[in-house]
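There are 2 protein chains.
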Amino acid sequence: MRIAVDAMGGDHAPYEIVKGAVEAQKELGVEIILVGDQGQIESELKKHDVHIEKIRIHHTTETITNDDKPVYAVRHKKDSSMVVGLNLVKEGNADAFVSAGNTGALLAGSLFRLGRIKGIDRPAIGAPYPTQKGISLLVDAGANAECKPRNLLEFGIMGQIYAEKVLQIEKPGIGLVNIGAEEGKGTEVIKQAYELYKKNSLNFVGNVEARELSRGAADVIVCDGFVGNVVLKLTEGVAMVIMDMLKQQLKKNFITKIGAAILMPALKSFKKELDYTEYGGALMLGVNGAVVKAHGSSNAKAVKNAIRQAKSFVEHGVIQSIVQELERIGDDKNAD
Amino acid sequence: MRIAVDAMGGDHAPYEIVKGAVEAQKELGVEIILVGDQGQIESELKKHDVHIEKIRIHHTTETITNDDKPVYAVRHKKDSSMVVGLNLVKEGNADAFVSAGNTGALLAGSLFRLGRIKGIDRPAIGAPYPTQKGISLLVDAGANAECKPRNLLEFGIMGQIYAEKVLQIEKPGIGLVNIGAEEGKGTEVIKQAYELYKKNSLNFVGNVEARELSRGAADVIVCDGFVGNVVLKLTEGVAMVIMDMLKQQLKKNFITKIGAAILMPALKSFKKELDYTEYGGALMLGVNGAVVKAHGSSNAKAVKNAIRQAKSFVEHGVIQSIVQELERIGDDKNAD
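If you read the protein sequences in the order shown, they are chains F and A.
So for the first sequence, this note's numbering puts the first residue at 125; every next one is plus one.
So for the second sequence, this note's numbering puts the first residue at 125; every next one is plus one.
Here chain F stands alone, though its shape is the one from the complex (with noise of 0.2 Å):
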């Protein structure tokens, strides 16, 4: 297995993307290939103790940042560590693709690149989402802002099997997110694609209102990318928020900060179940390769996770079971 990853890429690159790659080719015996500036990426391998055949560097001369224009800079960026790095994909020179840089140009130059999976019209970022009861994927978490009915179904299907092969969870109900649990809630485009749902034989739970995601009502979240990302990013604000209101009220007075001290522990053990560094990065699904954007403010740690996630959807063929599944589902409906 050899895993391509995006040196240059995120708030913290190269160290601890290099640090990352370090470890998870340790961890997870998988080949690495560091895609950036030779000399920067050189000079963090110095700091590490290094399994030198397993890791390679494939030089390039420029990076895209997050300033950049998406389809601009993967357009005319083509020495980019990123562009690169998914060329190295499409060749067949590498199994997957890491990076933690610009969310847009990945997508962009994923679909650009590798193109879409046959049978997918439009393809979805799919992200972890942490619930009471595990990890959860939304799909779509912000790759199309707008949605047609079939693309909802769509991301439904794909976001099924990514949580079955890969998040191991058996038989993962498919959630609608909507203003209301019945039947005939919601926009036209949300009511068609409960129609489609319900025409096809997938593990689909209905509508789920926004109450219940965290509860953990649905392991596939599926709703357009504009709601997805309002959903993640709203999540994450109201957690940041109550963690910074409690930790006022723990100000409060001696006797307070006391207690503060001893409950130290529980908040750090509680604060790493919400801890984004845990579950590695969000997917490509649709691309017709292994794309994994991990979390631009990665440290180590998320950075071989997202290695992890890489390997585990190549091995587990979620692309030959996203292409079985529309041909399953094809044949279903000729048969309506």
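Do not take every clue at face value.
Chain copies aren't distinguished; within one or between two, either way the pair holds.
[What the hints assert, rightly or not] Subject to a maximum C-alpha distance of 27 Å in a straight line, what follows is the list of computed DSSO-like cross-link-like pairs (lysine-lysine):
1) K381 x K257
2) K309 x K357
3) K295 x K214
4) K193 x K295
5) K392 x K376
6) K295 x K257
7) K375 x K242
8) K309 x K375
Calculated directly from the structure, the hints in this document are not laboratory data.
Since the structure of chain F is already known, use the hints to place chain A on it.
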């Protein structure tokens, strides 16, 4: 000031409703018209020390429940406490109406009975949204799943006036919920709404990402009713799950239990900051009358605060100010 109160609506009706109304009468000096079943209301009133000439009963024979289809219910249950309460406002026999009943029915009933403010295309639900800085107002909290750009502009105009007059926020800033802070992000409708905001002289702070809402990035949070419903319910769900998870952590062992006991007052005071019963209810903004929707599970305090809000809405002439602002903006546009 005469405020009609739906004595039959809400999970704890009529007990908590009557109790809250009696408290509001004493504290706020308003006249109360309790609308609903005379027998039930009388037996509730007996439990309190009532200022009898300030609290009247308007007997009705029907009740709209949460299971009723909104439009059907308001058309057919003509002697329901909700429809009759709205009629009291329409006919000038009450200055405002407060209900903790079926939200959809209250919206439909307000539209049918009271009509729209001239110049408002689509009324919306304005809901208080707790942030780190205080209370913001979210418009639309669920009335219109699909919106035109013009609707999103009107939501901001109405919200701004309410925030200034009733929430007493000086120069409230209007933010448009979007998937990025920069101009040109989001759906076509949102891009056009952004342009409308820029053209009109309002205190528009631009696009606001969901992550910033809990920080209080906008005093008036504008979005369509689908996104608004997701924002409100997700915030509630995330807060509940975080509190649950934290409680689990605090129960872990003897030491953390001691810590938890020390912190209990701080935790309670923290919970109060998130407590909806403090904030009153949601507004039917854009209908031609003062209608406040109290939370379905309102206790007496929440009912009292919803009545306070209705009183303030009328006293500050919110509807007249909306009419004036629409005229001013209409003039602005002609001047363009």
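For each hint, the structure was consulted:
no.	hint	result
1	K381 x K257	between (31 Å within a copy, 24 Å between copies)
2	K309 x K357	both (24 Å within a copy, 16 Å between copies)
3	K295 x K214	neither (32 Å within a copy, 54 Å between copies)
4	K193 x K295	neither (39 Å within a copy, 34 Å between copies)
5	K392 x K376	both (19 Å within a copy, 13 Å between copies)
6	K295 x K257	within (15 Å within a copy, 43 Å between copies)
7	K375 x K242	neither (57 Å within a copy, 51 Å between copies)
8	K309 x K375	neither (45 Å within a copy, 40 Å between copies)
Checked against the numbered hints given earlier, the structure breaks hints 3, 4, 7, 8 and satisfies all the rest.
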